[in-house]
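Use the sequences and the hints to build the structure in full.
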Amino acid sequence: MTTPVNLLDFDLEGLAAYCETLGEKRFRATQLFRWIHQRGVADFSQMSDLAKSLREKLAGKAQVTALPVISQHESADGTIKWLFDVGGGNAIEGVFIPEDDRGTLCVSSQAGCAVGCRFCSTGHQGFSRNLTTAEIVAQLWFAEHFLRRHLKTEERVISNVVMMGMGEPLQNYDRLVPALRTMLDDHGYGLSRRRVTVSTSGVVPMIERLARDCPVALAVSLHAPTDELRSHLVPLNRKYPIDELLRTCTAYLAAAPRDFITFEYCMLDGVNDQPEHAQALIALMRRHGADGLRAKFNLIPFNPFPQSGLTRSPMARVLAFGKLLNDAGIVTTVRKTRGDDIDAACGQLAGDVQDRTRVQDRIARQRTIVLHQVPTPPATAAQRKVVP
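In the working numbering, the protein residues as written are 1 to 388.
Hints in this document: simulated from the structure, not taken from any laboratory. Please note that a few of the clues may not be correct.
[Stated by the list, open to error] Restraint ranges, calculated between C-beta atoms of paired labels, are given here:
| no. | residue 1 | residue 2 | range |
| --- | --- | --- | --- |
| 1 | S48 | E13 | 20 to 26 Å |
| 2 | L22 | D174 | 21 to 27 Å |
| 3 | K336 | T21 | 43 to 49 Å |
| 4 | G190 | R26 | 46 to 52 Å |
| 5 | A251 | P314 | 17 to 23 Å |
| 6 | S45 | G190 | 21 to 27 Å |
| 7 | P68 | K323 | 45 to 51 Å |
| 8 | R258 | H150 | 27 to 33 Å |
[To be verified] Simulated crosslink set (DSSO-like; lysine-lysine; CA at most 27 Å straight-line):
| no. | residue 1 | residue 2 |
| --- | --- | --- |
| 9 | K336 | K323 |
| 10 | K25 | K57 |
| 11 | K25 | K61 |
Ideal placement from N, C-alpha and C gives every residue a C-beta, glycine not left out.
Structural data, given as structure tokens:
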């Protein structure tokens, strides 16, 4: 017996093509798309304005399948974290972050992550597989309609989506793009391109493709001002070094919905948080700014976990670092930590991953490198005058 098609796998164009195989016209796909995404209905018999013949066809060949929820945890600050079962012993996490002016959902794109950033709990679990488009969209589908029922509202609850959960989104590109299109579609969730953000550790060719295929807001995990240090923190830097990455970011701005790129910078005590690092970062941004790069920096207090061997920078040092950047004309903010009491804060999402990459062996080899002994970039005479 053929396994029913999960309709969450299709953006509107894909759903229209699928409906054509059933002998149905495009407008039927639009109706179906609205029932699924705007109303959250999974039972075809409840889709009252669909032709009975179509409902009967769908009942035998298709389904709208959510991800089973293993657990739900709510933080004291209102953040909610869900653990979703994606089969094969793998589980992923999604997080809803409520604010006064918006509701943000943090979505996972992979079961685990193969990039292996030193400060990320997901990376220490290794990598199992890419999520399907349906598994990416299902996180939003479930959260949006659960929250509407939970909050007893007919209004849209989730206004922003950030692809900052488990995984490197751009290493799952072919499944990511249809999911983004579903989020953006006015017949789906109707989110603004400015309010959908893809976070990447710097997969340069896929950033270039995203600019052509589905430009949304871009956040780049930078975390260091030099290739030497960044390669220790973000191993992908060995393949796509900083200058190449920043040139690609500059080109992305031509298609981007915002006039700047957000750069994420996780503050690690004694590793990348010294005044010399700030001055090197300023010099780097000025050099690329001359070519048209406009940047906003988001300083992220590190959320410790035992396997990392790293600690959080003192807040006074984070603020001093931010002041150096702001005084140099680089817009810089410090990210407010949310959900850390339920391990839902940035870098803490871990889920449950059946690793296929022998990550523990790789981490053991990395332990031979003592990050605190990595040389910091020397300050010039002119820089030393402004360093406290």
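Outcome of the hint check:
Under the hint 20 to 26 Å, the C-beta atoms of S48 and E13, about 25 Å apart, fit the expected range. A hinted range of 21 to 27 Å for the beta carbons of L22 and D174 is consistent with their spacing of about 24 Å. A C-beta distance of roughly 48 Å is found between K336 and T21, which places it inside the suggested range of 43 to 49 Å. Between G190 and R26 the beta carbon distance is about 19 Å. The supplied range of 46 to 52 Å is therefore violated.
Checked against the given bound of 17 to 23 Å, the beta carbons of A251 and P314, roughly 37 Å apart, lie outside it. Judged by the Cβ atoms, the range 21 to 27 Å given for S45 and G190 holds: they are separated by roughly 26 Å. A hinted range of 45 to 51 Å for the beta carbons of P68 and K323 is consistent with their spacing of about 47 Å. A hinted range of 27 to 33 Å holds for the C-beta pair R258 and H150, which are about 31 Å apart.
With a C-alpha separation of about 16 Å, the suggested pair K336 and K323 falls inside the 27 Å cut-off, and the hint holds. Of the supplied pair hints, the one linking K25 and K57 holds, its CA atoms being roughly 14 Å apart against a limit of 27 Å. This hinted pair checks out: K25 and K61 have alpha carbons roughly 17 Å apart, not beyond 27 Å.
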